[in-house]
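Asks: Its first residue numbered 1438, the sequence shown is counted upward by one per residue in this note's numbering.
Hint data in this document are derived by calculation from the structure and do not stem from the laboratory. Treat the hints with caution; some may be incorrect.
In silico SDA-like links for lysine to any residue, alpha-carbon gap of 25 Å or less [what the hints assert, rightly or not]:
#1 1570 <-> 1627
#2 1570 <-> 1500
#3 1570 <-> 1510
Using C-beta positions, here's what the derived DEER-type ranges look like [as the list claims (entries may be wrong)]:
#4 1577 <-> 1472: 28 to 34 Å
#5 1494 <-> 1528: 29 to 35 Å
#6 1464 <-> 1631: 37 to 43 Å
#7 1600 <-> 1523: 24 to 30 Å
#8 1615 <-> 1595: 23 to 29 Å
#9 1476 <-> 1441: 21 to 27 Å
#10 1596 <-> 1637: 54 to 60 Å
#11 1441 <-> 1629: 20 to 26 Å
#12 1636 <-> 1524: 28 to 34 Å
#13 1479 <-> 1619: 29 to 35 Å
This structure is a prediction, so every number in the text was calculated from the model and none was measured. Each residue gets a CB set at the ideal place from its N, CA and C atoms; glycine is no exception.
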Amino acid sequence: MPESFFHTFVLLLLVTDPFGNVPLFMSTLAGVAPERRPRVVVRECLIAFFLLLLFMFGGRHFLGALQLTDMSLRIGGGVILFLIALRMVFPQPGGIFGTQAASHEPLIVPLAVPALAGPSALVTVLLFSSAQKMPMLLYVVALMLVALIWLVVLLSAERLHRVLGPAVMTAFERLMGLILTALAIEMLLAGIRDYVLALQSG
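Please model the entire structure based on the sequences and the hints provided.
Replies: Given below as structure tokens:
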């Protein structure tokens, strides 16, 4: 169970990528008054947290309503995570999701969604709720710990960027992308393996 909890924590941290989102938060909040920036960061992190929590608890019903299987979700989730990981390893203009800085105070988009609670994160929590390899409370605790890391990193975004520099931040994001690539391939292979076994047994 500890390994499952650690795997859940690391995967959530990678797919939400708070360190990689530092430049996006800085550019998006550039037009916001400095005294309001911490409030905006806290608000966007809370929105992303509750959205992921909603998908985590409602994921099983959502899958049932759409008649989706765990196998299809694993394969689709693996593909999405792999594409996100590639954009982390090979940065694109506008960031991972191609978002641009807003000229006013952001609300939900692009900071809460898709920067933190993006497609890869939503698919990941859906997988957690459908697989349930450990009690749901542990999934919630893992998500809470990751949300705390969001707050710490993003509230100190300007300081981190100034101390570490853009080169170190980029290198760290590419390292996270490399780890996420391996996790995405593992998820994809697990889905394909389950599909092959289902065909053989059928």
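Asks: Taking 24 to 30 Å as the hint, is the beta-carbon distance of residue 1600 and residue 1523 inside that range?
Replies: The hint (24 to 30 Å, Cβ to Cβ) holds, given that residue 1600 and residue 1523 are roughly 28 Å apart.
Asks: Has the hinted range 20 to 26 Å been met by the Cβ atoms of residue 1441 and residue 1629?
Replies: 21 Å, holds
Asks: Determine whether the Cβ-Cβ distance between residue 1615 and residue 1595 falls within the hinted range of 23 to 29 Å.
Replies: 27 Å, holds
Asks: Is residue 1570 within 25 Å of residue 1510, Cα to Cα?
Replies: Holds - the C-alpha atoms of residue 1510 and residue 1570 are around 16 Å apart, at most 25 Å.
Asks: Assuming the hint says 28 to 34 Å, is it satisfied by the Cβ distance from residue 1577 to residue 1472 or not?
Replies: 32 Å, holds
Asks: Given the hint that residue 1570 pairs with residue 1500, does the C-alpha gap stay at or below 25 Å?
Replies: The given pair, whose Cα atoms are some 17 Å apart, holds under the 25 Å limit.
Asks: Is 54 to 60 Å a correct range for the gap between the Cβ atoms of residue 1596 and residue 1637?
Replies: For residue 1596 and residue 1637 the Cβ distance comes to about 55 Å; the hint holds.
Asks: Just to be sure I understand the hint, the distance between the Cβ atoms of residue 1479 and residue 1619 should be within 29 to 35 Å; is that true here?
Replies: 32 Å, holds
Asks: With 28 to 34 Å as the target window, see if residue 1636 and residue 1524 comply at their CB atoms.
Replies: Roughly 33 Å apart at Cβ, these two residues keep to the hinted range, so it holds.
Asks: Falls inside 29 to 35 Å, the C-beta gap from residue 1494 to residue 1528?
Replies: 34 Å, holds
Asks: Would you say the C-beta atoms of residue 1476 and residue 1441 sit inside 21 to 27 Å of each other?
Replies: Violated, at about 35 Å.
Asks: Taken at face value, is the distance from the CA of residue 1627 to the CA of residue 1570 at most 25 Å?
Replies: 15 Å, holds
Taken one by one, the earlier hints fail for this structure only at number 9.
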